[in-house]
Each structure stands twice: as structure tokens, then as C-alpha cells.
Amino acid sequence: MNEPAAEQVREEARAWLAEHWDSDLPLAEWRRRLVSSGWGCPTWPAAWFGKGLSEALGEVVQAEFRRAGAVGVASSGVRMLAAATLLEHGSEEQKARLLPRILTGEDTWCQLFSEPGSGSDLAGLTTRAELNRDTWIVNGQKVWTTSAHHARYGMLLARTDWDVPKHRGLSFFVLEIEQPGVEVRPLRQMNGHASFNEVFMTDARVPRDMLVGKPGGGWQVALTTLAHERRLADGMRTWGQAERGEGRVYRELREEQARVMEPYKWYPQRAGRVDLILPVARASGRLPDPVVRQEIARALMLERAAQWTARRARAARALGQPPGPEGSLGKLAASVVARAAARAHAAAVGPDALLAGENAPAEGMVAEVLLSVPAISIAGGTDEIQRNIIAERVLGLPKEPRDDVDVPFRDVRRNPSNVSR
Amino acid sequence: MNEPAAEQVREEARAWLAEHWDSDLPLAEWRRRLVSSGWGCPTWPAAWFGKGLSEALGEVVQAEFRRAGAVGVASSGVRMLAAATLLEHGSEEQKARLLPRILTGEDTWCQLFSEPGSGSDLAGLTTRAELNRDTWIVNGQKVWTTSAHHARYGMLLARTDWDVPKHRGLSFFVLEIEQPGVEVRPLRQMNGHASFNEVFMTDARVPRDMLVGKPGGGWQVALTTLAHERRLADGMRTWGQAERGEGRVYRELREEQARVMEPYKWYPQRAGRVDLILPVARASGRLPDPVVRQEIARALMLERAAQWTARRARAARALGQPPGPEGSLGKLAASVVARAAARAHAAAVGPDALLAGENAPAEGMVAEVLLSVPAISIAGGTDEIQRNIIAERVLGLPKEPRDDVDVPFRDVRRNPSNVSR
Amino acid sequence: MSQLSFSDEQRQFRDFVARFFREQSPVARARELMLSEAGYDPELWRRLGGELGLTGVHVPEAYGGQGFGAVELGIVLEEMGRVAYCGPYFGSAVLATYALLEGATAAQQERWLPELAAGGVIGSLAVAETGGGWEAETVRASARQSAGRWRLEGTKSYVLDGRIADFFIVAARESGSTGAEGLSLFVVQAGAAGLEVEPLQTIDATRRLSRLRLSGVDAELLGEPGAAAPALRRVLDRAAVALASEMVGGAQALLDSAVSYAKLRVQFGRLIGSFQAIKHRCADMLLAVELAKSAAYGAAEVAAREASADELGEAAALAKALAAEAFLQAAVDTIQIHGGIGFTWENDTHLYFKRARGSEFLLGTPAEFRDRFVEYVSAREAAHE
Amino acid sequence: MSQLSFSDEQRQFRDFVARFFREQSPVARARELMLSEAGYDPELWRRLGGELGLTGVHVPEAYGGQGFGAVELGIVLEEMGRVAYCGPYFGSAVLATYALLEGATAAQQERWLPELAAGGVIGSLAVAETGGGWEAETVRASARQSAGRWRLEGTKSYVLDGRIADFFIVAARESGSTGAEGLSLFVVQAGAAGLEVEPLQTIDATRRLSRLRLSGVDAELLGEPGAAAPALRRVLDRAAVALASEMVGGAQALLDSAVSYAKLRVQFGRLIGSFQAIKHRCADMLLAVELAKSAAYGAAEVAAREASADELGEAAALAKALAAEAFLQAAVDTIQIHGGIGFTWENDTHLYFKRARGSEFLLGTPAEFRDRFVEYVSAREAAHE
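Chains as they are written, first to last, in the working numbering: chain A, 1 to 421; chain B, 422 to 842; chain C, 843 to 1227; chain D, 1228 to 1612.
One-sided and incomplete, this derived list gives chain C residues near chain D with beta-carbon spacing under 8 Å: (1) Phe1117; (2) Ala1119; (3) His1122.
With a Cα cut of at most 30 Å, we get these calculated DSBU-like pairs of lysine-lysine: (4) C:Lys1105 - A:Lys399; (5) A:Lys399 - D:Lys1490; (6) A:Lys95 - A:Lys51; (7) B:Lys472 - B:Lys635; (8) B:Lys635 - B:Lys516; (9) B:Lys820 - A:Lys399; (10) A:Lys214 - A:Lys95; (11) A:Lys51 - A:Lys214; (12) C:Lys1105 - B:Lys820; (13) D:Lys1490 - B:Lys820; (14) B:Lys472 - B:Lys516.
Stretch-level coverage of chain D by chain B, calculated; a stretch enters the list once three of its residues show a Cβ under 8 Å from a Cβ in chain B: (15) 1417 to 1429; (16) 1565 to 1573; (17) 1577 to 1586.
No wet-lab data here; the hints were simulated from the structure. Beta carbons are placed, not taken as given, at the ideal position from N, Cα and C, and that holds for glycine.
Next up, chain A with everything else stripped away, as it sits in the complex (with noise of 0.2 Å):
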């Protein structure tokens, strides 16, 4: 970073900050001021809310943002995959729409794309929508939405096209939630919470100017937010810490951080919650047992040798090395790692894995650790699919023989309708 510009650019981001920057002032519209001026997101282009800066460039302004205390464009929840998708994708008109309200955090996505008859098959998906004149007519089911109850749009992917294989009639909408056809029903979970949605989508409408990309492009539209999912999911593990600022901005973050995390609020659980094991066994009084240190054990060390792994794929990439296949392999570490960390937890407390609450072990957390890590093998992608992933790509074995990629969607068999639940 000892280019010359990085010193130029280090100051500029210096001198704006110095004369813009208010933390009393309502978020909103200090994000408009960022939005506005480019330096909200400053390696996006200089046309669309950015400067055109280089990732490189766009951390020296970060690092000057973090100096000043300044607080940056809404970059939380399913908004900045909406942001990333519409930015490469996207009309002029719905660039300049949509975009600015993303990052000043006034409008709130969703992201409809699976269905309950659609999970790992997301190209399977059965959602129609048609062309009416100027307004596509929507009809469908949606489900593991997050926020979809607060949110104002949503990433709709839909088919258009039955007679075209199935990864090619399907179209990218932007669905307006707060709409007589939608509706957006909370869906509980096994271990207590709801932190998605079902959406039904009944003769629910969608102007014509809100297809994104074109019609039967959806599914390219649709890898652009998926990748940028996946980055999203990588970033988790240290997301969330509150900000402690004072003045009117930071107490309006706070709120907007404290509404966006609730639905994620489970997830160091589902994650198995690997630093409360040893404190758990303690207070047990069952850390001197043999049987249970070996079910401990098991548990930190794939948490250390899978923290390790993450930081080596880190380090590799910092030094431009070529990637290795240790960068493919977090999703399905952590589910390793959180099948273990269950197995020591309940190990770890004995006969008191079978209370939950208040009075149980860790106050409730070890409870709902054995409640909520058998979705993390689920979650965002099977970790059947993982290992087709990783042994396709990662390792280079053959694809299975499919029949379904290459004939017109309608003539693919499908869930019956009873199934699709």
C-alpha cells in the first residue's frame, strides 16, 4: 500500500471525514451524505454511489472510517447480496431506485429463492410467474426467508419458461413484500425459534421495469447473490459486535443491528457454542472423567484444527499463493465441529443434557445447542451437497450422470404437490 495514491486517497477520506462527519446526526441521513458523496462504498463505481477504488484502496478508507469512529452505509443482512446482485445486474433505473435506500438501511430485502419443494435443487424450483401486459402475475410458495417480516423487497427468483431446461426459465424479480398477494407466516423451528419465513405468493404482481437481467437469465443473476451468500456466510463467525459510540447515529445503528441479528441470534448455537464446553464440564464436575475429556477433545480439537484451516487459506490468499482445497472446506468443517461440540456438551453436563431453560446447564445454551446444531448439516446447503461440491471440484471426480439439466422443465419429474412439504 506504498503506492502514492494510497497516501492520496488516505487523506482525501481524512479531510471529508473531518468536515462531514456527525455523529448526532439521524443515520439515515448521514448515510445519504455517504451515499452521495461516493465514500460509502468506494469501490463501487464512481457512477453508481462509489469511487472506483481497488479493494486495496477501499481498505485505506475503511481504516480511516475506523479512526474517525465514522459509521459506514448498511452493509448488514440479506441487503448487501441485494446491493452486490443489483449492481452487477441491474437496470439504470432500478440501480439508481433501489440502491441508495439499500446502504442508507431505510429499505430492508428478503431473499425468496427456495421453495419446499426445492431445497438442494434450487434450479427445481416451481414458482410461476407470467406476463400480464406490463405487470408479471406471481404465484408460489417461499421458504427460509429471513426477515421477510420486516423487509420491503424481495430477491424473487421465479420460472417464466416450462419448455426450456430448468436452469434456463427462470427469471430475477424484485417482489414488493407489502402487497395483498403476499403473505409472510413465521416459521418455528424444532429447537423454539423462528427466524424465518414461509412466503405464499398468490396473483402477487411485479411491474414489468422489476425483472432483473432477462427473462430465463435469472439463474446467472441468481449465482451472483449466491456467491456473494457464501462470502456473507465465511464473514458470520466475527460478525455482530454492537458498536459503542455515542451520539444519535450509534443509538440508530444499535437498533438497526439489534433488528437485523435477532433472526441469527441461535446461530453460535447451531454452531455448537464450542467455548462454553470446558466451562460446562467444569461446573459439572465431570471434567476428570476419561470417557467425557476424549468426547471434549474430539470437539476443541476439530474447532482448533478448523479455525487453523480458515486462517490458512487466509494467509495463503494474503500472499497471492495459489488457492489449496483448505478454502473449500469451512461449511462442512463446522458441521463436523458441531456434531462433536453436541456429543462433548452432553457428555460434558451428564443427565443434566436432559433439562433446558433457565435451570439447565449453561443457563438453557447447552440445551439448545443439542436443539439447534442438526441444522447446521442443512442449513445453507446439505453437507451431502458440500461433499458433491468439494469432490467435483475440489478433488475433480465425475459429475453423477444427471437426466434432469437437459430436457424442457416440464418434462422433469417433480414433488408431487403433497411433497413439497
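Starting from the known structure of chain A, fit chains B, C and D onto it as the hints suggest.
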């Protein structure tokens, strides 16, 4: 067995034995008496060395043999597979010529089915047999052949038609082993034993009348062999008690058994030698170690449950109740037990698991267990194939889509020659 | 040597019981009851006792039971496990009833058993204390006699059906005694002065647990004073065998559900049951369930024929450990095969998953039962040498 | 905090070492050597020492070594593990060399290390005794001083390269001492009077083991008397880290072999690598191997930077346990993926399988390392509280 027939059969058998049984006869001569009288295979058809009795009445005859201490026909090793197959599919002439010497023990047989290029996929074999006037000319390679080195005949499955689907182009032959075109080489295994052979056929010759069944009908014939092989494998667990009687018949019988059983002597180690785990743990002083005990318990418990499961299947059969899933699990269960046993053995001996030979734990038996157990999940059908069979036949799950069964074998993808090993 | 087979009568009995629970108490019912105040269906309970005689299936006819044995009891529990039956059967008909059968005097049995066998009262057994442990040595609750009455002090945890039980059978020891010595069983009436019943929040809402606080509670001694340890061991081993049957029933229900879903659900244009990953998982589940079933059936036969305490203990350890493992694994696998839907509240899988978690450590952990199994087998082998 | 990255120099070093072993000592060579009398290739050994300087890669330049550290040593061992290198490197260049580095006086180091680093002599470390145990407490062999000379009595087992070693470094204790007290290291010359070297038959013929019987053998004390326990702990932890690298190399070779076979082998008209059962097994292998690799790399970095004994012990326990598990599982999986051919003598898989079995318990069992890891982490957490 209180039908009048039972009493009559019992008396006839007893009378015949009283008259003919002589423990000082040469073994083959005694057995020739059995063959010509029909008492050696009482459940076989009267026309073919038997008496046409039911299974139940066959048991009555058996009981009389046991009572008299009389030796039966040769029935060990592969020969009974050959006998059963010929009895069902052989020509009159084949039966007349081949069966008696099988039963007297004078001819030893081997099975020439598996090939380096077709293990799990037996029907994909590529040994070819071509008819040249009155002789089939055979070229190819077989493997995993037990006792080929002292066998007179081999049951040979070879491809005679490449233009029909794989299962329909096979033919079943009786191949004479001692001929210039057949070379038998011992196949050494990682545990040091060489209980199998490779058999190379280079323009080996089979007279036309040694085709069993019809050309192209070999798969059906082989299914009979395989069905009997499964039964044999189930029975193997209680096999091999040496006869203790005195007299020439017994002496020769013991020699025969030793010869036949030689290739199978590591089978108990392959199955994990659960019986040795506790003695070994006591000897090493590690029995009180709580972590070791968990491993031991897993092995002992699985073994016990597998035994009880087999007994449950037998009990249901004996009561004429419909067969449950428990009858199909033996092979997979044996594999799970053996793996648990290997873990328990290793844990029980500690670093002595590094050692082999006479000074190693249990006179080297633990080392032999550790080196043999990996075979049990492969030999006679891999665990993967077993799981497929259980899932499809017992649980009724759908088969995988296949594209190798309905097309001419010529067009099916096969192993390149360098991967047939 | 176990026969590992069921007679025609036993098979008919199973069919009858299975149909009854399938029709009268399907898993949807457990879902309602687990959220209800009482936590069970008193009407169904009366029918189990009166019309069907199931609450006394293993109680001698002399005490108003059906006079059958552990095999029939195992059948009842397996079929209950299959529908995740929600009610006090295991606590009252198994634990409390066995405690009276093994630990009470004939006079006490005559007094208590008929009503218990008829389901007219609900009993519960209180052994383990906070942190667990169902072995005699871990009991700390104490009993002292004063003015001809026994008074109990201490805390009991993981007590089944504490809110609805009419009486508790409580394990306590003479002050100063340790190990298996000085242990007695006592009957404590619900509502007795000094008895506090504190409901515990549990993972498995279909099996209610409570903590009892005993502060000088008036109690009636069962059997001879200080001699209850062997009886308690038999009670808990018999109960472990029964619990194994219940778990095996649950595991079978999960397997059935996973397999039938795999035969209906389509992804990538194929039934998911045609993918090897699913297929092999189902095959492994079947193996684990069948092995556990054999262990549970074999153990029930051992329990049915008045075997020695060691033989019973060995069989109980086998059955409990294998059933717990198979049940939990089947639950995890069934969730995985269902994918996201398997993790939702509205899908039934979680009821069984929670039952599996809630049964795994009840009466002792699988690791404890494994350890004990090695002890039994090893002692037996040593004795034969 | 480990960096978990290799510098460009280290990556070039790895490429160089890997090519050398691939070309000069492929696995076919191990196959020959393991059946040979000597059990290693003296010519190759001379090249490792002289031309390549690998036998002293981690020895300070002052003692004729290359002056690199544990990371480079790990690279050498990983590449050796990949080809199942058959020779005294681990015994001499790792165990004996570390023993001198950690346990000898400067004068002794000057005397011994240069020749050892150059591969001119072969050393071996003798700690464990019959039945195992590489902890100071388990040492029973005794040392007594008489007429200014030390004499050793006892038996040592699992001693590497006993037949070819020029000298042994033997752990022994003052009579009457226990635990970590009174422990010293001694140098015993091969061929010394009263030293009997008995070769042991091993599962892994590529790693020769012997038993030493010491009957009043003349010995030279290393370092200070009675103070060797901490040094020995460091030696064994460093060696465990090195062994983990070797195991990781073996596991990677297995994975490569399994994957390439799955891409060539056809059954049922398909490459077997297209079946989910094979595919998922390979993916799980990759995960286990990569996790073990991270542990081994991270531990090598800890060892390279003179960390505290506890930090080193924690990292060593992690690396050894995970590498042992991954290696053995990879061997089992690779046999399974190859099917019958994977179980034959002529296929290379068994060399690695036996190496995996023969490394699993060397220097301590995975269970011991797991237990110790919990101890370290728990103590560290407690110290931070």
C-alpha cells in the same frame, strides 16, 4: 417329525449304516458307497445320487449319521456350489460324469467369476469365450479364486456375446484347470496370506459339452452358484471343527479338511476375533482403563447384538413367520463388528499394536486382526453393495438410474486395461 | 439363552397394542399433550388401565395385573415409543410398579399394587439427585427414624411425572452409611408436608420431570430397612430394558418416516431415495435399529425369566446402550434426510429427536452402561475359567 | 498465534525435497528396503546427510546443521511420509538429534551433533519400556554411578533402528526416584558390553523396532543428573510434531491414490468416482487430511518459535492425535475405494496402512494426546481467568 415317514426313514438309514459304515475304509471308497446308495445326499433326486427326501427327512438321516459317527459326502469349500449348480443346470451327461467325484472328494473345484476389471460389477466381466468348431477358446483373467492351485475344475463365467446387454451375453462353462492355456498364480494379500489365486487363461480350451446351460444363459446359472455361496458364507461361522474319530476314514477326512480349510484360516481374524479382546486387555493391563473399556464395550455389544439378530432371524424362520429385515443384515453387521473389534484390540494392547509375530499380543493374533479386518468390508460384496441391496430389497428404496444394463455390452463403458488391476 | 422370537399370542398382542396407539394416541396427540397443563390424557390413561389392562400387564394376577412378563411389557413400550406416547406409563407402570414388585413386603404389595396396576393411582420413583447417577452409591438423601416414623431429607432430580404422581418411592439412606449399605426405599405421599415438587424445564416435553425437595417429609419404609440396594439395582435394570424397548419403537418410527419420505421426495429429477448418500444412510439406520431391537428383545427375555442379577444387568446394559445410540442416530439421520423441513416444529421428527435426547441419559449414560457391560462380561468369563 | 503459511523459500524447499524423494526414493523403494537385511539404503542416507543436508536441517549451523527450524523439518518429514521413506531419519535426525539439542551440555553437543547432523552416525532414543508409555513417570530403567562410571539396568522397547544405530540415548532414573524426579538421559554405545539388541517383529516393516536389554551397561550421562524430565518432554513433543507431519504426508499420498483410482476405475458403466458413496468418502478424507495438515503446520510453527513447554505440548497433542486419526482413516478408506486390489500385497496401499498403524501409538496413543490436550487448554483457560 412325527409323521410316519420319519420313523421309516430313520430305520432304513440306521439299517443301511449298520450294514455299510466302516471307519477303516479308504475315504473315497466309503463315499462311493454313499453316492451309489443315495444316502450321501438324501434330499437330492433319486435319479441323481439322492433319495428325493424332504429337507426335514434329510435332517433325520443326518441325525442317524451323527449317531453312528458316520462320515458324509465331501461338502466343504467350493465343491458344494459346483454340485448345486450342476444339479440344477447341468446336462444329464455332466451330472453323471462330474457329480460323483465331487461327492467323493476326488475332484476339487474352484470358482472363476470375479475379474480384476469387474469386482462389484460381476456382470461386467470381459473374459471371452469363442466357439471354434467343437471347442470354446477362452481368453481372460480371473481373480479371488480360492483353491485354484489344487482344483481340477473351475466354474467359469465368460462372455460369449458382446452385442447383447451385459447380463445376457455370458455363458457358464466347466473349465479343466490342468491344461497348457491355464496358469494359476497365488495372490498375496496385505496380511501376508495367499489364500486366493489369479487365473490367467490364454487360448484355454473347453470342450463344447462342458457348457452348462445355454450359450448366453450363464448369468442365470451363476445366480444359482451365488445363492448357494451366500448360504455357505452364513454357515461358515460355525465351520471347521475337526472330526475326532479313529480309523482310516477319519484320518483321510482330517487331511481333506486341513487342505480345504487352509485358505480360510485367517477368516476369524478378518471377522475381528472378538473372543480375544478381553483376554488381550487383561494381559496388557489395560482392561481397567475407562477409555479402553468403552471401545471394548462397543465391540462386545455389537457382536452380541449381531449374534442375537442372526438368532432372531433363524427363530422366525423356524416358526414359519414372515422374514423380517433382520435376515439380510448379517454381512454388513459382520463388517461393523469387525471394525469395532479392531479398534478395541488396538486400544486394548496399546503400543504393542505396533508388533507382529510370536512375541506380539496373543501370539501375533492381534496384529493379524488389525491387518485382516479391512478385507471384511470388501470380500464377497463390498459394504457399499450391501447397503445398496439392503436399501433396495429390504427398505424398497428406488434403484439408481443405470445406463449399462439395456444396451449392447460392446457399447458400455469399461475399464481401460491398465485399471483392470 | 434367549430365544429371540415371539409366540403367536405375543404377535397378536403387539398388533392389538400397535393398532390401539396408532388410532387412539397418534403422534399428533403427543404434540397436543406435551403443551397441555397436565401433560397427559387422563381419559386415555383410564382406558390403558381399565379396558386394556396395560398398566398392569406385567403385574401378577394376584395383584390385579395381567400376569404377563417383561416381553409383553416390552411390546407395550415399543408401540408407545413408536407414537411418542405422552403420559405417565414409564414412570408409574414401569418404575414405580417394579419398585413395589422388587422392594416391598407382600403386605405392602397387596396394599399398593392393585390400584397401581389398574391405573387408579400414579406412582413415581425418585432415585437420582442433582447432577445424575442412578446407582445406590450416589444417593445422598437421608432417612431417620423418630418416634416410630421415618423422615426424609434431601433433593431428588429427574423425577418423572412429579406434578401428577399420587405418591413417590424415594431412595434414601441411613445417615452415615455409604455405598450399597444403608439404602432403603420409602413411599412419600404427594402433598405431604415438607415435600416440594418443582417442575423442571426439559428438552423432551413429552416426558415431564421434576425435582423433589424433601424437608423432614413423613415416609413409609418399603421392605426391610437398609437392604434396598439389590432390589433397586433390579428395578433399574428392568426399567432400562423397558426403556430400551420404548427407544427402539421410536427409532423404528423414525426409520419408517425417513424411508417413506425418501420414496416420495424428488430433487434433481429423481426420488432422493435413489441417491446413494440417502440409501446408505437408511441402510445403516436399519442395521442400527435392528441390532438395538435384537438387544431389547433379548434383554426382555432375560428379564422375563428371573435370571440372575448379573445376567439381567448385562442384558440391560446392552439393550439400553445400543437402543440409546440407535435412537439418537436415527433421529439425526431422519432430520438430515428430510432436510430443512425436518428441522421445523411442524414436522414430527423433532418430537422423536427430543425423546431420543431425553432418554439417552435417563437411568444412566450410555458410557456408564457400556462400562458396566464390560464388567459383567469380564466377571462372567473370569468365573468360567 | 501461528501464521499457517509458508514463505516462498519454504515452498521451494518443499518442491525440491518432494522431487528428490519422488525420484530417488519412491514407494517402490520402500517396498524393497523393508524386506532387506539392513532396512534402509545407506547410499541414500549418505546423500541425505552430505549432498542435501537434510539430516541436519534443524541443527544449528554451529554444529554443522542447516540452521533451519521445525517448519523445514516438518516439510522434510511430510515429503518422506508421502513416499513411505524407509530409513532411520525419524529415529536419528529427529529423536536422537532433538535429545542432544535439548538434553546435552554444550560440550556434548559439540562432540555429538556434527557427525549426527551429517548423517555420519545413526542415533536412537530409548524411552518407553515394555507395554508402552513415553512419559517420564513410566521409566523404570535404572542408573547407578560406581567408580565414576554410570551403569544402566533395564529394558527398553519400541526403540527405532536398534540394529543399525551407532549409539542410543537412554532414559533411566536413579533407583528409588519416581515421577519426573531423578530422570536422566545417557548415551550408550552400540556393541557395549551388557547391551542386547533384540529386533522386534513389527506390523510396519518400514520402521524397524527393537528391544534393548541393558545389564550393567556403561553409559555417559547427558546434561545434569536427574534433571532430564523437562528436556525429555520437549524432545517428545517436538518429535510428535515431526511425526504428525510424516503422517500427514502419508495421508495425502493415500488420498491422492484413492482419488486417482476413483477417476480411472469403471464399474456398472461409470467411473466409480461418480458414485456418491465414493465421492462423499473422498470428500470426508480430504477434510480430515486438511484439518490434520493445518494442525501439523500450526504445531510446526509453534515448535519453530521456542514457545513455552505448555504451548508446545498443546500443539503437539493436537497435531499427533489428528494426524494419527486422519492417516489411519485415510488408509482404511483407500483400501475400501480400491476394493479387493487394495487389500493385495502388490498394491501400495498396505505400506501406508501399516505405517498408519505403526505410527498411531508411537510416542503415545491418540487417547493420551487427546487427554493431554484437554489438560493444556483447560489449564491455560484457568490461568487466564
